[in-house]
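Asker: The residues making up each chain are set out below.
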Amino acid sequence: MKKLIALLLVAMMVFGMVACGNNADDGESLKVGFIFLHDEQSTYDKNFIDAAVEACKNMNVTMVQKTQIPESKACYDAAVELIEVEGCNIIFADSFGHESFLMEAAAKYPNVQFCHATGTQAHTATDLKNFHNAFASIYQGRYAAGVVAGLKLNEMIDAGKITSEQAKMGYVGAFTFAEVMSGYTSFYLGAKSVCPSVTMDVKFTGSWYDETKEKQAAQALIDGGCVLISQHADSMGAPTACENAGVPNVSYNGSTAAACPETFLISSRINWVPYFEYMITQVKEGKEIDVDWTGTLETGSVVLTDMGKNVAEGTKEKLDEVVKGLKDGTINVFDTANFTVDGETLTSYMADVDFDAEYTKDTEVIANGIFQESKFRSGPYFDIEIDGITLLDRNYG
Amino acid sequence: MANMAKKTREPLLHIAKRDDMPGWKAWLIRLAAIGLGFLLIGVLSSLLTGASFGKVYNIMFTGVFGRLLKGNTILLWRFLQRAAILLCLALAVTPAFKMRFWNCGAEGQALIGGLAAMICMIEIGDKVPHGVLLLIILACSLLAGAVWGMIPALFHAKYKTNETLFTLMMNYVATQIVAYYVVLTSAGSGSNIIKPVPYGNLPILFGEEYFLNVLLVTVLMVAVYIYLKYSKQGYEITVVGESQNTARYVGINVKNVIIRTMLISGAICGVAGMLMVAGTDHSINTNTMGGQGFTAIMISWMGQFNPFIMAGMAGLVTFLKTGAAKVADTFFLNSSYSDIVSGVVILFLVGCEFFIRYTVKFRHSKKGGEAR
Numbered sequence: 001m002k003k004l005i006a007l008l009l010v011a012m013m014v015f016g017m018v019a020c021g022n023n024a025d026d027g028e029s030l031k032v033g034f035i036f037l038h039d040e041q042s043t044y045d046k047n048f049i050d051a052a053v054e055a056c057k058n059m060n061v062t063m064v065q066k067t068q069i070p071e072s073k074a075c076y077d078a079a080v081e082l083i084e085v086e087g088c089n090i091i092f093a094d095s096f097g098h099e100s101f102l103m104e105a106a107a108k109y110p111n112v113q114f115c116h117a118t119g120t121q122a123h124t125a126t127d128l129k130n131f132h133n134a135f136a137s138i139y140q141g142r143y144a145a146g147v148v149a150g151l152k153l154n155e156m157i158d159a160g161k162i163t164s165e166q167a168k169m170g171y172v173g174a175f176t177f178a179e180v181m182s183g184y185t186s187f188y189l190g191a192k193s194v195c196p197s198v199t200m201d202v203k204f205t206g207s208w209y210d211e212t213k214e215k216q217a218a219q220a221l222i223d224g225g226c227v228l229i230s231q232h233a234d235s236m237g238a239p240t241a242c243e244n245a246g247v248p249n250v251s252y253n254g255s256t257a258a259a260c261p262e263t264f265l266i267s268s269r270i271n272w273v274p275y276f277e278y279m280i281t282q283v284k285e286g287k288e289i290d291v292d293w294t295g296t297l298e299t300g301s302v303v304l305t306d307m308g309k310n311v312a313e314g315t316k317e318k319l320d321e322v323v324k325g326l327k328d329g330t331i332n333v334f335d336t337a338n339f340t341v342d343g344e345t346l347t348s349y350m351a352d353v354d355f356d357a358e359y360t361k362d363t364e365v366i367a368n369g370i371f372q373e374s375k376f377r378s379g380p381y382f383d384i385e386i387d388g389i390t391l392l393d394r395n396y397g
Numbered sequence: 001m002a003n004m005a006k007k008t009r010e011p012l013l014h015i016a017k018r019d020d021m022p023g024w025k026a027w028l029i030r031l032a033a034i035g036l037g038f039l040l041i042g043v044l045s046s047l048l049t050g051a052s053f054g055k056v057y058n059i060m061f062t063g064v065f066g067r068l069l070k071g072n073t074i075l076l077w078r079f080l081q082r083a084a085i086l087l088c089l090a091l092a093v094t095p096a097f098k099m100r101f102w103n104c105g106a107e108g109q110a111l112i113g114g115l116a117a118m119i120c121m122i123e124i125g126d127k128v129p130h131g132v133l134l135l136i137i138l139a140c141s142l143l144a145g146a147v148w149g150m151i152p153a154l155f156h157a158k159y160k161t162n163e164t165l166f167t168l169m170m171n172y173v174a175t176q177i178v179a180y181y182v183v184l185t186s187a188g189s190g191s192n193i194i195k196p197v198p199y200g201n202l203p204i205l206f207g208e209e210y211f212l213n214v215l216l217v218t219v220l221m222v223a224v225y226i227y228l229k230y231s232k233q234g235y236e237i238t239v240v241g242e243s244q245n246t247a248r249y250v251g252i253n254v255k256n257v258i259i260r261t262m263l264i265s266g267a268i269c270g271v272a273g274m275l276m277v278a279g280t281d282h283s284i285n286t287n288t289m290g291g292q293g294f295t296a297i298m299i300s301w302m303g304q305f306n307p308f309i310m311a312g313m314a315g316l317v318t319f320l321k322t323g324a325a326k327v328a329d330t331f332f333l334n335s336s337y338s339d340i341v342s343g344v345v346i347l348f349l350v351g352c353e354f355f356i357r358y359t360v361k362f363r364h365s366k367k368g369g370e371a372r
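The listed protein sequences correspond, in order, to chains A and B. Residue numbering for the first sequence follows our numbering, starting at 1 and increasing by one per position. Residue numbering for the second sequence follows our numbering, starting at 1 and increasing by one per position.
Please note that a few of the clues may not be correct.
Sample of chain A residues with no beta-carbon within 12 Å of chain B, all distances over it, derived [to be verified]: (1) 38; (2) 49; (3) 63; (4) 211; (5) 375.
If you only want the chain B side, here are some residues facing chain A, beta carbon under 10 Å, derived [to be verified]: (6) 129; (7) 130; (8) 288; (9) 329.
If you are wondering where the hints come from, they were derived from the structure by calculation, not from laboratory data. Note that beta-carbon positions come from the ideal geometry of N, C-alpha and C, so glycine has one too.
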């Protein structure tokens, strides 16, 4: 027994000494705390993590990250830890569901700036001056990626592999709500702008990250006659299913060319470096951060990856033209002349922009014949089901 | 002659059972195993990150306990909270295990208990005074967990169904019910989230959010210890576990004991669920228990069904998980690192039981034998 106690004491002392080693690394420089839903294994989070590393390096500030933080009290706890233990001055969280928990932390720490990607509540939470939303007009990127998809369909039609009626795309979405709907609609409109006969089927997984479900949904779409797949969910599920079946895939969040060399066409993604640099600069200079910040192709926030080796001929030229048009405003993704709802052209639409429990449709969003996406808040609110797109199931989460 | 020698040759090594090892020695071996495990993860981490040994342990330690020396106890309390929930689930499965009833359903029993708490908080939270509400929540969680635990026990007692599979399956049923409730309650939000409910939250004692959770589990730990060791029912559990025929022979109603014990097991799981929902998250999702119901099975075994040792094991596992997560975040490793770290230490700890229960003997050479 004595030996045991002695051993325990020794162990504790050694541990204590090691633990007290170097605790004095608290510099005066700015510290930015990042809260990520998963880690680098998820394409969605990897996109944020890489950007955070780059931005913090460029701005010469310290980065502290907490990965694998679920959308629960754990998010609030992570924020508290980053502030109280690590001494962070800015907190950023990357997942939609983090929002309400982050707002709780924002209320508790009014002197810390909280920034949240993809959220929708900052512009109505006027008493929380230190809470901000940010997003990017990724619909522009998806539209451009849609053009690449449309050209690929045209190639298949010209080669006689499919008829123009068989030009059906499939889309694996996470939830049936605005962010996803805005995304797949812009993708579809991009494809339609070069391949007028295209139609699209959509399936929802009810999760932002579920490799098995995403793979199964993609396979089900392929079995249902879809000849090209894209997705808005964060695992490698859909791209893998496409590679296995030899079906072209338009990816999201970054290139999947390495894992899917034969079927990868292109991917759009949001580049968060411009926002991170903006947010850090504002805090450094003691200025306010925008309540709602929307990055665009112009700010470098929406980017397209390199194209895969099997895109249709002439894609590069067409893509450059489309990107230029999107940048200078000659192409508007949600131009009401380009789509119909139940056969009619839309002239008016009330969208749910302001957050409330009943999801009230509160704001007129069509002006000058264009659906004004991401104008009244950064988070998308296009939630219209347009002709040509069939929702095979729904998952409202 | 040569042939004869071959026949009687002993293998180089042979293994023999031993039961003569004194308790203190066994514990020394276990401690050494933990130490070796830590040493190995230190080496692994250094190789992976290029950081020194001391630095890795330091990050692990501060990741778990924070800046304790500067009087910052936030992380210490979170550590205690996590360990407490894990211990609570381990305490729940222990009576069943001691009876050799393999309750693998702690996850589901806790989830259902948590769901019961959540439903009370949402549905009647604003209609009932806080104190009364807490009592209702406690009662509902206990009951829900108990019922979820009792169902497999009933089937086992009546129809001899396999309890391992049955309890395991009940986890999936519980998860799906919670998923259904969450979708029902959070429809249209774009993410499966029930916002934190302000009603029916467990009170904050002494300014510490998790004080009550830790206190309740500590009381429960002592209670389970006394129940198993000193009560008549605890003795019945031991007898049924040793031999059901013996139990029957001495007049114990085996079926009743099984059902009663699973009621208790499930009810304690229900408490764990309540602590997570009313005492921690104030919300629920399918991942609220986060697989701890399965980790608890391991804690119970490693603690040899002794609640106090289990508390130590729960602390160890929590330390490893939290500390490894911090190291992973610091060096941009992914979640697999944390799995490896806990895996290594647990493997050492479980592996050393072999050397406690068995002894490895080398072959006596002829010469050595003669010399003796």
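Asker: Please go over all the hints and tell whether each is borne out by the structure.
Answerer: Tested hints:
1. The Cβ of residue 38 (chain A) sits about 8 Å from the closest Cβ of chain B, inside the 12 Å cut-off, so the non-interface label is violated.
2. Not every CB of chain B is more than 12 Å from the CB of residue 49 (chain A) (nearest about 8 Å), against its label as outside the interface.
3. The beta carbon of residue 63 (chain A) sits about 10 Å from the closest Cβ of chain B, which is not more than 12 Å, so the claim that it is off the interface is violated.
4. In this structure residue 211 (chain A) is separated from chain B by more than 12 Å, as the shortest Cβ-Cβ distance comes to about 14 Å.
5. The Cβ of residue 375 (chain A) lies farther than 12 Å from every Cβ of chain B, with a closest approach of about 19 Å, so its non-interface assignment holds.
6. Taking 10 Å as the C-beta cut-off, the interface hint given for residue 129 (chain B) is violated, the closest approach to chain A being about 25 Å.
7. At its closest, the beta carbon of residue 130 (chain B) sits 20 Å from a beta carbon of chain A; the interface hint therefore is violated under the 10 Å criterion.
8. Taking 10 Å as the C-beta cut-off, the interface hint given for residue 288 (chain B) holds, the closest approach to chain A being about 7 Å.
9. Taking 10 Å as the C-beta contact cut-off toward chain A, the hint placing residue 329 (chain B) at the interface holds, the least distance being around 5 Å.
Of the numbered hints listed earlier, those contradicted by the structure are 1, 2, 3, 6 and 7.
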